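Using my numbering, the letters of the sequence shown correspond one by one to residues 1 to 346.
Because the hints were derived from the structure by calculation, they are not lab data. None of these values were measured; they are calculated from a predicted model. C-beta: ideal position from N, C-alpha, C; glycine also. Just so you know, not all the hints are guaranteed correct.
What follows is a set of in silico ranges between Cβ atoms, one per label pair, in the way DEER data are often shown [what the hints assert, rightly or not]: (1) P338 with F15: 23 to 31 Å; (2) E278 with L104: 47 to 55 Å; (3) A111 with A321: 51 to 59 Å; (4) D121 with D68: 53 to 61 Å; (5) D118 with A321: 43 to 51 Å; (6) Q213 with S137: 36 to 44 Å; (7) G41 with P300: 19 to 27 Å; (8) D195 with D255: 35 to 43 Å; (9) D25 with D121: 32 to 40 Å; (10) K106 with F132: 55 to 63 Å.
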Amino acid sequence: MTSSGVRLEALRRQFGNVHALDGLDLDMAPGELVALLGPSGCGKTTALRILAGLEDSDSGRIIVGGKDIANVPANKRGMGMVFQAYSLFPHLTAIENVEFGLRLRKQNAAARRKRAQDMLDLVGIGAHASRFPQQLSGGQQQRVALARALAFEPEVLLLDEPLSALDAKVRVQLREEIRRIQLEVGTTTLFVTHDQEEALAIADRVGVMRAGQLEQIGSPEDIYRTPATPFVAEFVGLSNRLAGRVTGDVVEVLDTKLPLVAGASVHDGPATALVRPESVDVTADADGTGRVVAVSFLGPLARVTVALPGDAVVVAQLASARLAEMPPGTAVRVVLRPVPVVVSAA
1 MTSSGVRLEA
11 LRRQFGNVHA
21 LDGLDLDMAP
31 GELVALLGPS
41 GCGKTTALRI
51 LAGLEDSDSG
61 RIIVGGKDIA
71 NVPANKRGMG
81 MVFQAYSLFP
91 HLTAIENVEF
101 GLRLRKQNAA
111 ARRKRAQDML
121 DLVGIGAHAS
131 RFPQQLSGGQ
141 QQRVALARAL
151 AFEPEVLLLD
161 EPLSALDAKV
171 RVQLREEIRR
181 IQLEVGTTTL
191 FVTHDQEEAL
201 AIADRVGVMR
211 AGQLEQIGSP
221 EDIYRTPATP
231 FVAEFVGLSN
241 RLAGRVTGDV
251 VEVLDTKLPL
261 VAGASVHDGP
271 ATALVRPESV
281 DVTADADGTG
291 RVVAVSFLGP
301 LARVTVALPG
311 DAVVVAQLAS
321 ARLAEMPPGT
331 AVRVVLRPVP
341 VVVSAA
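Work out the full structure, taking the sequences as your base and the hints as a guide.
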(Lines of atoms letter the chains of each structure in order from A; the text may use other names.)
(Lines give C-alpha, C1' and ligand atoms only; values in the text may rest on other atoms or scores of the structure.)
Protein backbone atom coordinates (compact mmCIF):
# COMPACT_ATOMS: atom_id res chain seq x y z
CA MET A 1 0.00 0.00 0.00
CA THR A 2 1.33 3.42 -0.97
CA SER A 3 1.47 6.11 1.69
CA SER A 4 1.90 9.81 1.08
CA GLY A 5 3.12 12.64 3.22
CA VAL A 6 0.60 15.37 4.06
CA ARG A 7 1.24 19.07 4.61
CA LEU A 8 -1.36 21.64 5.58
CA GLU A 9 -0.09 25.19 5.10
CA ALA A 10 -1.66 28.24 6.73
CA LEU A 11 -5.20 26.85 6.51
CA ARG A 12 -7.93 29.30 7.40
CA ARG A 13 -11.66 28.71 7.68
CA GLN A 14 -14.17 31.10 9.13
CA PHE A 15 -17.85 30.50 9.91
CA GLY A 16 -19.43 33.89 10.50
CA ASN A 17 -17.41 35.48 13.31
CA VAL A 18 -15.84 32.17 14.35
CA HIS A 19 -12.32 31.32 13.16
CA ALA A 20 -12.51 27.52 12.98
CA LEU A 21 -8.98 27.41 11.57
CA ASP A 22 -6.63 30.33 12.06
CA GLY A 23 -3.51 29.66 10.02
CA LEU A 24 -3.12 25.94 10.79
CA ASP A 25 0.20 24.34 9.77
CA LEU A 26 0.66 20.57 10.01
CA ASP A 27 3.23 18.17 8.51
CA MET A 28 2.71 14.40 8.45
CA ALA A 29 5.37 11.97 7.27
CA PRO A 30 4.42 9.02 5.02
CA GLY A 31 3.08 6.17 7.18
CA GLU A 32 2.74 8.34 10.30
CA LEU A 33 -0.30 8.36 12.58
CA VAL A 34 -1.03 11.84 13.92
CA ALA A 35 -3.84 12.44 16.40
CA LEU A 36 -5.45 15.86 16.64
CA LEU A 37 -6.71 16.46 20.15
CA GLY A 38 -8.61 19.37 21.57
CA PRO A 39 -11.86 20.64 23.05
CA SER A 40 -15.05 20.97 21.04
CA GLY A 41 -14.86 23.84 18.57
CA CYS A 42 -11.04 23.92 18.38
CA GLY A 43 -11.01 23.15 14.63
CA LYS A 44 -9.76 19.56 14.57
CA THR A 45 -12.72 18.12 12.65
CA THR A 46 -12.76 21.11 10.28
CA ALA A 47 -9.10 20.39 9.44
CA LEU A 48 -9.92 16.75 8.70
CA ARG A 49 -12.93 17.64 6.55
CA ILE A 50 -10.88 20.13 4.55
CA LEU A 51 -8.20 17.50 3.96
CA ALA A 52 -10.92 15.06 2.85
CA GLY A 53 -12.45 17.61 0.46
CA LEU A 54 -15.74 17.71 2.33
CA GLU A 55 -15.15 21.34 3.33
CA ASP A 56 -13.42 24.22 1.54
CA SER A 57 -10.76 26.35 3.19
CA ASP A 58 -10.85 30.13 2.87
CA SER A 59 -7.09 30.14 2.19
CA GLY A 60 -4.03 27.95 2.55
CA ARG A 61 -2.63 24.90 0.78
CA ILE A 62 -3.24 21.14 1.07
CA ILE A 63 -0.25 19.13 -0.14
CA VAL A 64 -0.51 15.33 -0.42
CA GLY A 65 2.35 13.37 -1.95
CA GLY A 66 3.95 16.64 -3.04
CA LYS A 67 0.86 17.80 -4.99
CA ASP A 68 -1.55 20.60 -4.10
CA ILE A 69 -5.00 18.98 -4.01
CA ALA A 70 -7.02 22.01 -2.87
CA ASN A 71 -9.03 21.98 -6.13
CA VAL A 72 -9.31 18.19 -6.43
CA PRO A 73 -12.83 16.81 -5.77
CA ALA A 74 -13.27 14.67 -2.67
CA ASN A 75 -13.84 11.47 -4.69
CA LYS A 76 -10.52 11.94 -6.51
CA ARG A 77 -8.32 12.53 -3.45
CA GLY A 78 -7.65 8.90 -2.54
CA MET A 79 -8.77 9.36 1.07
CA GLY A 80 -10.29 6.60 3.17
CA MET A 81 -12.66 7.86 5.86
CA VAL A 82 -14.14 6.33 8.99
CA PHE A 83 -16.76 8.41 10.79
CA GLN A 84 -18.21 8.34 14.29
CA ALA A 85 -21.45 7.08 12.71
CA TYR A 86 -20.63 3.83 10.93
CA SER A 87 -22.54 4.84 7.74
CA LEU A 88 -22.98 1.25 6.58
CA PHE A 89 -25.65 0.33 4.03
CA PRO A 90 -28.26 -1.66 6.01
CA HIS A 91 -29.40 -3.68 2.98
CA LEU A 92 -25.85 -4.91 2.19
CA THR A 93 -23.88 -7.61 4.02
CA ALA A 94 -20.54 -6.82 5.64
CA ILE A 95 -18.58 -8.02 2.64
CA GLU A 96 -20.88 -6.15 0.22
CA ASN A 97 -20.36 -2.97 2.23
CA VAL A 98 -16.59 -3.38 1.96
CA GLU A 99 -16.89 -4.13 -1.77
CA PHE A 100 -18.96 -1.02 -2.45
CA GLY A 101 -16.09 1.38 -3.14
CA LEU A 102 -14.29 -1.21 -5.26
CA ARG A 103 -17.45 -1.67 -7.34
CA LEU A 104 -17.54 2.08 -7.99
CA ARG A 105 -13.93 1.80 -9.18
CA LYS A 106 -15.02 -0.87 -11.71
CA GLN A 107 -12.90 -3.62 -10.18
CA ASN A 108 -13.95 -7.05 -11.43
CA ALA A 109 -16.17 -9.17 -9.18
CA ALA A 110 -13.65 -11.87 -8.27
CA ALA A 111 -10.88 -9.38 -7.40
CA ARG A 112 -13.10 -7.14 -5.31
CA ARG A 113 -14.62 -10.09 -3.43
CA LYS A 114 -11.13 -11.37 -2.55
CA ARG A 115 -9.96 -7.90 -1.52
CA ALA A 116 -13.06 -7.36 0.65
CA GLN A 117 -12.63 -10.72 2.37
CA ASP A 118 -8.92 -9.98 2.96
CA MET A 119 -9.83 -6.66 4.60
CA LEU A 120 -12.47 -8.25 6.83
CA ASP A 121 -9.89 -10.84 7.87
CA LEU A 122 -7.42 -8.02 8.59
CA VAL A 123 -9.84 -6.31 10.98
CA GLY A 124 -10.76 -9.59 12.65
CA ILE A 125 -14.32 -10.26 11.49
CA GLY A 126 -13.82 -12.37 8.37
CA ALA A 127 -16.19 -14.98 9.81
CA HIS A 128 -19.05 -12.45 9.79
CA ALA A 129 -18.77 -11.48 6.11
CA SER A 130 -22.32 -12.58 5.27
CA ARG A 131 -24.02 -10.77 8.16
CA PHE A 132 -26.01 -7.57 7.75
CA PRO A 133 -25.11 -4.49 9.86
CA GLN A 134 -28.07 -4.97 12.20
CA GLN A 135 -26.71 -8.45 13.01
CA LEU A 136 -23.37 -7.01 14.15
CA SER A 137 -22.36 -5.26 17.37
CA GLY A 138 -21.26 -1.62 17.34
CA GLY A 139 -17.60 -2.62 17.49
CA GLN A 140 -18.05 -5.08 14.63
CA GLN A 141 -19.82 -2.47 12.52
CA GLN A 142 -16.95 -0.06 13.08
CA ARG A 143 -14.52 -2.77 11.95
CA VAL A 144 -16.52 -3.15 8.74
CA ALA A 145 -16.32 0.63 8.22
CA LEU A 146 -12.54 0.47 8.73
CA ALA A 147 -12.21 -2.45 6.29
CA ARG A 148 -14.23 -0.51 3.71
CA ALA A 149 -11.99 2.55 4.10
CA LEU A 150 -8.85 0.44 3.62
CA ALA A 151 -10.16 -1.72 0.78
CA PHE A 152 -9.18 0.60 -2.09
CA GLU A 153 -5.70 1.24 -0.65
CA PRO A 154 -6.08 4.95 0.22
CA GLU A 155 -3.07 7.25 0.28
CA VAL A 156 -4.36 8.73 3.53
CA LEU A 157 -6.73 7.34 6.16
CA LEU A 158 -8.94 9.83 8.04
CA LEU A 159 -10.58 8.82 11.32
CA ASP A 160 -13.16 11.23 12.73
CA GLU A 161 -13.82 10.27 16.36
CA PRO A 162 -14.48 6.68 15.21
CA LEU A 163 -14.67 5.16 18.69
CA SER A 164 -16.72 7.66 20.66
CA ALA A 165 -20.02 5.78 20.20
CA LEU A 166 -18.62 2.55 21.67
CA ASP A 167 -18.51 1.40 25.28
CA ALA A 168 -15.23 1.73 27.16
CA LYS A 169 -13.96 -1.85 26.87
CA VAL A 170 -14.70 -2.14 23.15
CA ARG A 171 -13.16 1.29 22.60
CA VAL A 172 -9.85 0.15 24.11
CA GLN A 173 -9.85 -3.07 22.09
CA LEU A 174 -10.65 -1.34 18.82
CA ARG A 175 -8.14 1.48 19.24
CA GLU A 176 -5.42 -1.15 19.70
CA GLU A 177 -6.66 -2.94 16.57
CA ILE A 178 -6.61 0.32 14.61
CA ARG A 179 -3.01 0.89 15.62
CA ARG A 180 -2.02 -2.69 14.74
CA ILE A 181 -3.69 -2.42 11.33
CA GLN A 182 -2.24 1.03 10.63
CA LEU A 183 1.27 -0.22 11.37
CA GLU A 184 0.70 -3.32 9.26
CA VAL A 185 -0.55 -1.50 6.17
CA GLY A 186 1.56 1.63 6.69
CA THR A 187 -1.11 4.15 5.69
CA THR A 188 -0.60 7.80 6.65
CA THR A 189 -3.39 8.43 9.16
CA LEU A 190 -5.01 11.49 10.71
CA PHE A 191 -7.02 10.59 13.80
CA VAL A 192 -9.34 13.21 15.30
CA THR A 193 -10.48 12.72 18.88
CA HIS A 194 -11.38 14.56 22.07
CA ASP A 195 -10.24 11.57 24.17
CA GLN A 196 -6.77 12.19 25.63
CA GLU A 197 -6.13 8.54 26.50
CA GLU A 198 -7.00 7.48 22.96
CA ALA A 199 -4.65 10.02 21.39
CA LEU A 200 -1.73 9.25 23.71
CA ALA A 201 -2.19 5.48 23.33
CA ILE A 202 -2.01 5.08 19.56
CA ALA A 203 -0.40 8.11 17.91
CA ASP A 204 3.16 8.62 16.71
CA ARG A 205 2.60 12.31 17.39
CA VAL A 206 -0.21 14.23 19.07
CA GLY A 207 -1.24 17.72 18.05
CA VAL A 208 -3.15 19.69 20.70
CA MET A 209 -5.39 22.30 19.10
CA ARG A 210 -6.86 25.46 20.53
CA ALA A 211 -8.87 28.15 18.74
CA GLY A 212 -7.96 26.93 15.25
CA GLN A 213 -4.23 26.59 15.82
CA LEU A 214 -1.79 23.94 17.01
CA GLU A 215 -0.80 24.75 20.56
CA GLN A 216 1.81 21.97 20.54
CA ILE A 217 2.68 18.88 18.50
CA GLY A 218 5.04 16.13 19.60
CA SER A 219 5.33 12.56 20.80
CA PRO A 220 2.73 11.45 23.36
CA GLU A 221 5.45 11.45 26.03
CA ASP A 222 6.56 15.00 25.15
CA ILE A 223 2.99 16.28 25.20
CA TYR A 224 2.39 14.78 28.64
CA ARG A 225 5.74 15.26 30.35
CA THR A 226 6.89 18.55 28.83
CA PRO A 227 3.79 20.52 27.82
CA ALA A 228 4.69 23.72 26.01
CA THR A 229 1.91 25.83 27.50
CA PRO A 230 -0.38 25.87 30.55
CA PHE A 231 -3.30 25.04 28.23
CA VAL A 232 -1.64 21.79 27.10
CA ALA A 233 -0.68 20.91 30.68
CA GLU A 234 -4.27 21.35 31.86
CA PHE A 235 -5.98 19.79 28.86
CA VAL A 236 -3.84 16.66 28.65
CA GLY A 237 -4.03 14.70 31.90
CA LEU A 238 -4.75 16.04 35.36
CA SER A 239 -2.80 18.83 37.07
CA ASN A 240 -2.85 20.38 40.51
CA ARG A 241 -2.83 24.19 40.43
CA LEU A 242 -0.54 25.20 43.29
CA ALA A 243 0.61 28.67 44.28
CA GLY A 244 4.37 29.20 44.04
CA ARG A 245 7.12 31.70 43.35
CA VAL A 246 9.45 31.61 40.36
CA THR A 247 13.13 32.42 40.76
CA GLY A 248 15.24 31.86 37.67
CA ASP A 249 14.57 28.40 36.30
CA VAL A 250 12.82 26.99 39.37
CA VAL A 251 9.52 27.50 41.13
CA GLU A 252 9.11 27.00 44.87
CA VAL A 253 5.88 25.18 45.74
CA LEU A 254 4.96 23.82 49.18
CA ASP A 255 8.51 24.47 50.37
CA THR A 256 9.93 22.43 47.47
CA LYS A 257 11.94 23.81 44.55
CA LEU A 258 10.75 22.33 41.25
CA PRO A 259 12.53 22.83 37.90
CA LEU A 260 10.62 24.52 35.10
CA VAL A 261 10.10 22.64 31.83
CA ALA A 262 12.83 23.29 29.26
CA GLY A 263 12.33 26.48 27.27
CA ALA A 264 9.93 28.07 29.73
CA SER A 265 10.00 31.85 29.65
CA VAL A 266 8.56 33.08 32.93
CA HIS A 267 9.26 36.22 34.92
CA ASP A 268 10.38 35.94 38.52
CA GLY A 269 7.60 36.35 41.04
CA PRO A 270 4.30 34.76 42.07
CA ALA A 271 3.02 32.02 39.76
CA THR A 272 0.75 28.99 39.60
CA ALA A 273 2.53 25.67 39.13
CA LEU A 274 0.77 22.81 37.35
CA VAL A 275 1.84 19.64 39.15
CA ARG A 276 0.80 16.15 37.97
CA PRO A 277 -0.90 13.92 40.62
CA GLU A 278 1.74 11.20 40.11
CA SER A 279 4.40 13.74 41.11
CA VAL A 280 2.79 14.08 44.54
CA ASP A 281 3.57 11.62 47.32
CA VAL A 282 1.39 11.34 50.40
CA THR A 283 2.39 9.51 53.60
CA ALA A 284 0.36 8.99 56.75
CA ASP A 285 1.99 11.10 59.48
CA ALA A 286 0.41 12.18 62.76
CA ASP A 287 2.45 15.40 62.60
CA GLY A 288 1.59 16.08 58.96
CA THR A 289 -0.10 19.34 58.00
CA GLY A 290 -2.41 17.76 55.44
CA ARG A 291 -5.63 15.86 55.94
CA VAL A 292 -7.18 13.32 53.59
CA VAL A 293 -10.63 14.50 52.50
CA ALA A 294 -11.46 11.97 49.75
CA VAL A 295 -10.15 8.81 48.09
CA SER A 296 -11.02 7.35 44.68
CA PHE A 297 -10.28 3.70 43.89
CA LEU A 298 -9.24 3.25 40.21
CA GLY A 299 -8.17 -0.38 40.15
CA PRO A 300 -4.37 -0.62 40.46
CA LEU A 301 -4.20 3.13 41.09
CA ALA A 302 -6.01 5.48 43.43
CA ARG A 303 -6.39 9.24 43.80
CA VAL A 304 -6.16 10.79 47.24
CA THR A 305 -7.39 14.34 47.79
CA VAL A 306 -5.64 16.21 50.59
CA ALA A 307 -6.56 19.54 52.19
CA LEU A 308 -3.59 21.69 53.19
CA PRO A 309 -3.31 24.80 55.37
CA GLY A 310 -4.49 27.99 53.68
CA ASP A 311 -7.35 26.32 51.79
CA ALA A 312 -4.98 24.62 49.31
CA VAL A 313 -6.06 21.23 47.96
CA VAL A 314 -3.78 18.69 46.25
CA VAL A 315 -4.57 15.40 44.51
CA ALA A 316 -2.03 12.56 44.58
CA GLN A 317 -2.03 9.42 42.45
CA LEU A 318 -0.79 6.38 44.34
CA ALA A 319 -0.84 2.59 44.24
CA SER A 320 -4.30 1.60 45.44
CA ALA A 321 -2.77 -0.88 47.89
CA ARG A 322 -1.80 2.15 50.00
CA LEU A 323 -5.39 3.30 50.52
CA ALA A 324 -5.68 1.27 53.72
CA GLU A 325 -3.00 3.53 55.25
CA MET A 326 -4.95 6.72 54.76
CA PRO A 327 -8.75 6.69 54.96
CA PRO A 328 -10.51 10.06 54.95
CA GLY A 329 -9.57 12.10 57.99
CA THR A 330 -5.99 10.77 58.18
CA ALA A 331 -3.24 13.32 58.90
CA VAL A 332 -0.64 13.13 56.13
CA ARG A 333 2.63 14.63 54.95
CA VAL A 334 2.75 15.80 51.31
CA VAL A 335 6.00 15.74 49.30
CA LEU A 336 6.45 16.91 45.70
CA ARG A 337 8.83 15.02 43.46
CA PRO A 338 11.34 17.27 41.59
CA VAL A 339 9.75 16.75 38.17
CA PRO A 340 9.79 19.71 35.71
CA VAL A 341 6.55 21.67 35.74
CA VAL A 342 4.75 24.31 33.70
CA VAL A 343 3.76 27.55 35.39
CA SER A 344 1.28 30.25 34.53
CA ALA A 345 0.82 33.77 35.85
CA ALA A 346 -0.54 33.86 39.39
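Checked hints:
1. P338 with F15: 23 to 31 Å: Once the Cβ atoms are compared, 46 Å apart, the range 23 to 31 Å for F15 and P338 is violated.
2. E278 with L104: 47 to 55 Å: holds (50 Å)
3. A111 with A321: 51 to 59 Å: holds (57 Å)
4. D121 with D68: 53 to 61 Å: Violated, since D121 and D68 (Cβ atoms, about 37 Å apart) do not stay within the stated range.
5. D118 with A321: 43 to 51 Å: For D118 and A321 the Cβ distance comes to about 47 Å; the hint holds.
6. Q213 with S137: 36 to 44 Å: holds (38 Å)
7. G41 with P300: 19 to 27 Å: violated (35 Å)
8. D195 with D255: 35 to 43 Å: holds (37 Å)
9. D25 with D121: 32 to 40 Å: For D121 against D25, whose Cβ atoms are near 39 Å apart, the range 32 to 40 Å holds.
10. K106 with F132: 55 to 63 Å: Between K106 and F132, where Cβ atoms are some 25 Å apart, the hint is violated.
Consistency note: the structure conflicts with the earlier hints numbered 1, 4, 7, 10.
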